[in-house]
Amino acid sequence: MKARITITLKAGVLDPQGKAIEGALDALDFSGINKVRQGKIIDIDIDAAGETEATSALTEMCEKLLANTVIENYAIDIRD
Amino acid sequence: MATALEMVSGVKPVMVWHQETEIPDVDLIAIPGGFSYGDYLRAGAIAARSPVMSSLRDKAAAGVNILGVCNGFQILTEAGLLPGALMRNAGLHFICREVHLRVENTNSYFTRSWAKNAVIRCPIAHHDGNYFTDPDTLKKLEDQDRVAFRYVNENGNVNDTSNPNGSRNNIAGILNDRGNILGMMPHPENLIESLHGGTDGLGLFKSMLENVA
Chain A
1 MKARITITLK AGVLDPQGKA IEGALDALDF SGINKVRQGK IIDIDIDAAG ETEATSALTE
61 MCEKLLANTV IENYAIDIRD
Chain B
1001 MATALEMVSG VKPVMVWHQE TEIPDVDLIA IPGGFSYGDY LRAGAIAARS PVMSSLRDKA
1061 AAGVNILGVC NGFQILTEAG LLPGALMRNA GLHFICREVH LRVENTNSYF TRSWAKNAVI
1121 RCPIAHHDGN YFTDPDTLKK LEDQDRVAFR YVNENGNVND TSNPNGSRNN IAGILNDRGN
1181 ILGMMPHPEN LIESLHGGTD GLGLFKSMLE NVA
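Those protein sequence lines, which keep their order, are chains A and B. For the first sequence, our numbering gives the first residue as 1, with consecutive numbering after it. For the second sequence, our numbering gives the first residue as 1001, with consecutive numbering after it.
Hints are computed from structural coordinates only; laboratory data are not their basis. Nothing here was measured: the structure is a model prediction, and the numbers come from that model. One should not assume that every hint holds.
25 angstroms max Cα-Cα, derived DSS-like pairs, lysine-lysine [as the list claims (entries may be wrong)]: (1) Lys64/A with Lys1059/B; (2) Lys1059/B with Lys1012/B; (3) Lys1139/B with Lys10/A; (4) Lys1140/B with Lys10/A.
Covered by chain B, according to a simulated footprint, are these stretches of chain A (three or more residues, beta-carbon under 8 angstroms) [as the list claims (entries may be wrong)]: (5) 15-27; (6) 63-71.
All C-beta atoms, glycine included, are put in the ideal place defined by N, C-alpha and C.
Chain A extracted, bound-state conformation:
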């Protein structure tokens, strides 16, 4: 089973890398950009009996390691 985990910074957490990207896009004359926030994607191929089992294992992985819940949110997307 394949899953995609998207990790983003929580609202209110300063994102200097997002700011730098925003500045670079601005320098390239892209207009209308209000805000840029960057995060990361982790793709995991996992053996699981079903979606519920996979989600529960992946949630534990996010809580224990993949995300730092002090500053980050995570979303789990089971892809097949």
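Dock chain B against chain A, hints included.
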């Protein structure tokens, strides 16, 4: 760090490998910096889940004194032993230079040899030293006098230009609620020899030594 501890205490520290599962009975556990653990995923994230950490948690709960410098501070926050997180420096650059710190709390095991509000020089060398925590935790740290060190200018004033990395409230080091754990980004162990440019960092080691039988 090991050299500094030996120089000040006269005792050779016991080295513990991250794969070990038992930390021996000691007065102080130091988690040094230096990127020796790798910063994959997030700074200190993988190291904070290494086998030795469960013994470290037991020691922390038993009240053993624990010092984390630089990467060691990042590991302690990732392990949840200190609140908050250390994020990418606000200016995005790796910073390697000397800063000034004000010693805010002089009652702790780690800082008691300094005079209140002493301003010291200290080297920093990090990419992820931007201390972040939510407003409630920040207030608690301030109210409970748990900010050990703050980035200041040479006159001891807190301002934006004396903040090298964007840390909330210019925080450079914090204590846990029990006062037996200190995490700090600057490297006092690198400024304890006059031949190396000064001895401002000695205060940390003198403080800790007062308590060693």
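Consistency of the hints with the structure:
Between lysine 64/A and lysine 1059/B the alpha-carbon distance is near 21 angstroms, which keeps this suggested pair within the 25 angstroms criterion. Taken as a hint, the lysine 1059/B and lysine 1012/B pair is honoured in the structure, with Cα atoms around 20 angstroms apart against an allowance of 25 angstroms. The straight-line distance between the Cα atoms of lysine 1139/B and lysine 10/A is roughly 19 angstroms, inside the 25 angstroms bound, and the hint therefore holds. Distance check on the hinted pair: lysine 1140/B and lysine 10/A sit about 21 angstroms apart at the alpha-carbon level, within 25 angstroms; holds.
Three residues within the 8 angstroms Cβ limit are the bar, and the region 15-27 of chain A against chain B gives 3, so the coverage statement holds. Against chain B, the region 63-71 of chain A contributes 6 residues with a C-beta closer than 8 angstroms to a partner C-beta. That satisfies the three-residue criterion, and the hint holds.
Comparing the model with each numbered hint stated earlier shows that all of them hold.
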